[in-house]
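Peer 1: The primary structure of each chain is shown beneath.
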Amino acid sequence: MLSRVAENLYWMARYLERADNTARFINSVTQMLLDLPRGASFGWDVLLKVAGLDELYAQYHDDERESDIIRFLIQDERNPSSILASIQCARENTRTFREVVPMELWERINGLYLYVRDQAEHATQGRSQRYALLDGVIEHQQAITGLLMGSMSQDLAYQFIKLGRNLERADMTTRILDVNSAVRLPAEASAAQFARERLWVTTLNALSAYLMYRRHVGMDVAGASVLRYLLCDKHFPRSVAHCLGEIEDCLAQLVDYQEPLRLARALWRRLETIDCAVYADTERLHHDMDRIQAELGALHAAISQRYFYRYQPTVVAHTTQDQS
Amino acid sequence: MNHLLRDYPVQAFYDELIAPDGAPRPAARPLLDHLAGLPVGELAARRRAVDAAIMTTGITFTVYCDAGNIDRAWPFDIVPRILAKHEWMQVEAGLKQRLLAINLFIDDLYNAQRIVRDGVFPLEVLSGSQNFRPACQGFSPPFGVWAHICGTDLVRDRDGKLYVLEDNLRVPSGVSYMLQNRQLMKRLFPELFQSSEILPVDDYPARLYATLAALSPRPGVRPVIAVLTPGIFNSAYFEHSYLAQQMGAFLVEGGDLVVQDDDCVYMKTIAGLRRVDVIYRRIDDDFLDPEIFRPDSLLGVPGLMRAWRAGKVGIANAPGSGVADDKVVYAFVPQIIRYYLGESPILPNVPSWLCMYDDQRDYVLSHLDQLVVKPANESGGYGMLIGPRASELERARFAALIRANPRNYMAQPTLALSTAPTLVNDDHLEPRHVDLRPFVLQADSLYATTGGLTRVALQAGSLIVNSSQGGGAKDTWVVDTGE
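First to last, the protein sequences are chains A and B.
If you use the working numbering, the first sequence corresponds to residues 1 to 324, in order.
If you use the working numbering, the second sequence corresponds to residues 1001 to 1483, in order.
So here's chain A without its partners, still in its complex pose (with noise of 0.2 Å):
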């Protein structure tokens, strides 16, 4: 597998994975505001920090009003992790190895891609129309993963793939749960206990994970049980604990993956260390998602550093592919 080929299918999965997590991401808070008690606030330009992306949207913005954040993130090309601009990216690197993927791959990128192209201009005009090209991006981003799951050999290129996906899905979970360290409580006390509840079905419900959650944990829905679910249940898709066993399984695939099997195993070790109970200190949450964030980015400057970048005589940074 060339360096090349292997770097571009892990980008075009990434890629993919980033525009369906910020469609949920703008979904859940889109629901979320929706479902607030009085007395809850909740400001849109907290979606930017979370995303990573207050600089930027700062370059060209002077306020923080929703719709103009909502055009930042779905379908303004100067965002490179805008939905638009992220599967933009994905097309042009699935025409770099189309040789390596199942025929269809292509078509069906390509359709996303003129589906979200027509259709961003009407969905940041309103919530409804808003939540219906979003539920589509997410809708056909599903149907490239089945497509690749059930019609793909699951070869060399697919663990790059795969890694890809995984390393965007575990990233961009502890991404939607930061959220919840966003929002301004309501001051009286059943309230607050209230709202603090909705806010964790609507984090669960973003990532698909309440049905599951109820499952599997129970119906009381509380914050450190939402989080432990989130960040450690070994057996859900979107779940921290789960994507990294996705990754070691990758890695265990490949050669020399030493270093980066290494690094994954750490913070897997340290996922399962976690006291999610102290996460009712929202200051403490923030803190520690962007710690995970952190070491998922260790974990991906290894994956480069030992399997794209390693014959190159020289080592090119590349910014304009990551996100932060």
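Simulated from the structure, these hints should not be mistaken for laboratory data.
Glycine residues also receive a C-beta, built at the ideal position from the N, C-alpha and C atoms.
Careful: at least some of the hints might be erroneous.
If you anchor each label on the Cβ, the simulated ranges turn out as follows [stated by the list, open to error]:
(1) A58/A <-> E1392/B: 58 to 64 Å
(2) G146/A <-> G1022/B: 54 to 60 Å
(3) R1274/B <-> R270/A: 33 to 39 Å
(4) Q142/A <-> V1221/B: 40 to 46 Å
(5) K1186/B <-> A143/A: 23 to 29 Å
Over 10 Å on every C-beta distance to chain B, these chain A residues come out as not near it, computed from the model [claimed, not checked]:
(6) E99
(7) A120
(8) R127
(9) R215
(10) L271
Covered by chain A, according to a simulated footprint, are these stretches of chain B (three or more residues, beta-carbon under 8 Å) [as the list claims (entries may be wrong)]:
(11) 1252 to 1266
(12) 1406 to 1417
Add chain B to chain A, keeping to what the hints say.
Peer 2: Same frame as chain A, now just chain B:
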């Protein structure tokens, strides 16, 4: 009477499918009868189906200037162009003869230059050649073959004869479209393929693989073969990707390859460096090796020429093979065939005037309104003058260009390119001009595609068939009529 052919003009040009009396030619009769027998609306429905298939399978080509949308759907006409097998056998023999002689010629030019010393090929043509690579002198690749893949353009004139228009010996494109066109037709008209003797075309990728494998410096080992592409912005990127896919070869860019101190070429894989045995390059010489050619190029591989000359890697087409892909050299191919093979050329050249010779240039300058003038080394239909359609001003501009650099120009009569029925408005057929590009392979043996890529000028009256200039394509059938 065939309703699709109502008002079909005949006799103005030679038509590939319709005889001068308005009746289908024998090889085309089953097809035209079948089309005419389809229920109303069926043809339109099938055309839409084929358009949808083109979109979904993503058969595209790239147009440089189309901002924002770098790939375009492949314009495809569903009425095939048909050649009778007995005619094709002659053409095929002619194509093989031509490539055989051209390769002897290229090998001679880089070595003894007998043909120049014997006064058959003028020294002044050689010394003015842009594509002669001094870096290739004194070298002879395996089998003495330089141009392994040749795309020869054929056109049929009013007299019904097929002429060679040019030989593309550097990085000829189009064969993937030939293969795709056949796939589309089989989906579209499966019933026709059951009832007629249409010769198959799909052995090309296997023959290309065998041709490339024969160049491996490590015989006996399964060779590592790579298709070297300039990247996704190249107009033929789809083809590069398609051929790599069909042959199970690696599709690489220059940056994926490195030449080490042992003069071997390696590709950078996730498990380290892996040796490459054969490179099917789709990059022009100029960009191939910045150590030898253009130092500013980022597309190629430093040291590639060194590796090739050391015999550590096979390259198809060999660097320097473009010396025969020169429209002035082309004019000498009939003499080249006679000189090396002692045979008469089977396929005629189009008569040509070389502007480097005073008398021929005078003729060209005084007949610009009747001639097509071509620069020696362009491709893709760029930089040409079609005299009869040009304005006074354009002709004057070309006259100045010719006077300034006579070696770079040659001229040919404007041919009355043959036509073939093409579906218009989904309900009737109109004649459109076509050409034909068969592909010929040579390494340890010779092979020619069955038929080739038929390109068609989709605009009424237009003679421009290049896809980069708005042309389209048809499937090409070589049909065994039992004659």
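Peer 1: Next step is simple, just say for each hint if it's right about the structure.
Peer 2: Verification of the supplied hints:
1. A58/A <-> E1392/B: 58 to 64 Å: holds (60 Å)
2. G146/A <-> G1022/B: 54 to 60 Å: This hint holds: roughly 55 Å between Cβ atoms.
3. R1274/B <-> R270/A: 33 to 39 Å: About 37 Å separates the Cβ atoms of R1274/B and R270/A, which means 33 to 39 Å holds.
4. Q142/A <-> V1221/B: 40 to 46 Å: For V1221/B against Q142/A, whose Cβ atoms are near 44 Å apart, the range 40 to 46 Å holds.
5. K1186/B <-> A143/A: 23 to 29 Å: holds (28 Å)
6. E99: violated (4 Å)
7. A120: Consistent with the label, A120/A stays out of reach of chain B, its closest Cβ about 15 Å off (over 10 Å).
8. R127: holds (30 Å)
9. R215: R215/A is indeed farther than 10 Å from all Cβ atoms of chain B, at 39 Å.
10. L271: holds (28 Å)
11. 1252 to 1266: Since 5 is at least three, the answer is holds.
12. 1406 to 1417: Not satisfied, violated; 0 residues make the cut.
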